[in-house]
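Student: Sequence:
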Amino acid sequence: MDTSSLRAGQEPRTKRSLTDRLFPSLSGTALAAIFIATLLFGFLILPVAKVIYVAFLDPNSGAITLQNFGDFFSSALFRESFFNSFYVSAMSVVLASVFALPLAYITSRFEFSGAMVIQSLGFIPLIMPPFVGAIAMQLLFGRNGSFNLLLSNYGINIPFMEGLNGVILVQSVHYFPFILINLSASLRNIDRSMEESAQNLGAHGLRLFRRVVFPLAAPGYLAGASLVFIKVFDDLGTPLLLNVNNMLAPQAYLRISSIGISDPMGYVISFILVAFSVFSLWASFLLMRGKDYATTQKGGGGLSRRKLSTRENVVAYAIVIAILLLVLSPHIALGLLAFGTIWSYSPLPDGYTLENFNTMFGQSGAYIKNTLVYAGAAAFLDIVLATAIAYIVLRTKIVGRKWLDYMATAALAVPGVVLGIGYLRTFNDFNVPFVDKPLASWWVIIVVALMIRRLPYALRACMAALQQVSIALEEAAENLGATRSRTIRKVVIPLMSGGILAGFVTSFATAAVELSATIMLVSSDSDAPLAYGIYLFMQTPSGRGAGAALGILAVVIVAAGTMFAQFIIDRERKARTGEH
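Mapped onto our numbering, the consecutive letters of the sequence shown carry residue numbers 2 to 581.
Honestly, the hints are just simulated from the structure, not real lab data. Treat each hint with caution, since some may be false.
[Said to hold, decoys possible] Derived SDA-like pairs: lysine to any residue, alpha-carbon spacing no greater than 20 Å straight-line: (1) K403 / I35; (2) K403 / F36; (3) K51 / L40; (4) K398 / I472; (5) K232 / Y88.
Computed from a predicted model, the values in this text were never measured in an experiment.
Generate the whole structure from the sequences, applying the supplied hints.
Tutor: Structure below.
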């Protein structure tokens, strides 16, 4: 011991570790940051980079080449699949806008009785995964579905669900709430005095909406439209269940599952899927950059919403009811299919029974158990990682800490099928000790995939929760002698509990119905989750009743989780603001 330092009233010098020297006084936090960065790199960045690398790799010589892309675009099937994916995504945005624009405008800009109920009903489609309602919508709107059977009396048959039309209709109905949510928020924040000024200058009706209202609400619309485009472009389950294979995501799945993980076309398609996801986000940002959407007052400047005349009310209600009946039709059809006996070539099932639920519970016990384990473990890991990342980003000065946030959020731009292919390619040759099987075919990899896919949701909830915790409370605890780790355990985490719980519920509910990534990683039916079980049931007409019953269970899980998460968020907000 250096006694001179003691005589000078200084602390004795001790040998400092490399971590302590690199990150003074933050060794534990720094180690956590390094561990999380390594985890994200290993299970997100590396698999995706592997997919991109193999897309440019000559399968024979191992050299870097563009020949794979040349082969892709020289194939009529792949060119058709590329065009179809782009066409379906673009048309889904258009049709989703047709559903969302009237609902958002009517409920946000006018005095309209039941506006909150209408908005709530408009959000319901999000709680049903699109592949769950695909078959049910086919029974309603297919060539021999209920709607066309009724029209056949007049010699009319409309191809609602034929080929790409079916994918567009299902995707639009499911994803239009993204536009509705964002556009409604933007419309409510427009200063209505600007609208009145335009009216005083002679702008009315569609001209007023086209030249004033919609341009000011463009940020919300573009945010929702870009999400719809990305989600549709990357979706795998809906085209597969509708037997539409000439799209990019189904082609990637079919190439890898039928030809094998060495097939370069699966990786080329995966690269294109990732590129278009990133491009869509960039394009939406580019369209808004450099434009001023600000208004002088928020929320309409205190002006009341315009009243509708009796005639306008009737027209508005007719439009709203028609849209709601259409967008809620998958839920109605799923319920009919789940409780129906035989539903074929008739507007409604021949009879009703609970036998489908008995069959579902009798044959789906493993699916349900696996889902509870997989989604529960993934959600728990998500909140642990999300809480740690939120604390590191918001409460420390570690160099590069924001990259943890960027890396975790990047999972939103990675399609599930791409992540699944990346795991197969990266971990197929990695044997797990004591298990004696590749990591890519071990059930734990499904948990990892769900964890990575849902981490952004948990992270946003935990970030918001920590931002609302005053740093003065942590400083007070440390001034009273608490260590940093004790402060985090006893002060920070309890104060974040609402956000943490909301993040857990959201991650669990959405992971429970994930199909795109898990369908690539299921090595045996005994390891399959609930979403995969629904997919198997829906493959045959005899299994669709039980599949619909399992779909009802999936919807209940997501709905309960969504409502519980919203309850927690509202309770926390009221606690902070002192509302009762």
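Student: Would you mind marking each hint as holding or not holding in the structure?
Tutor: Hint check results:
no.: 1; hint: K403 / I35; verdict: holds, 13 Å
no.: 2; hint: K403 / F36; verdict: holds, 15 Å
no.: 3; hint: K51 / L40; verdict: holds, 16 Å
no.: 4; hint: K398 / I472; verdict: holds, 14 Å
no.: 5; hint: K232 / Y88; verdict: holds, 13 Å
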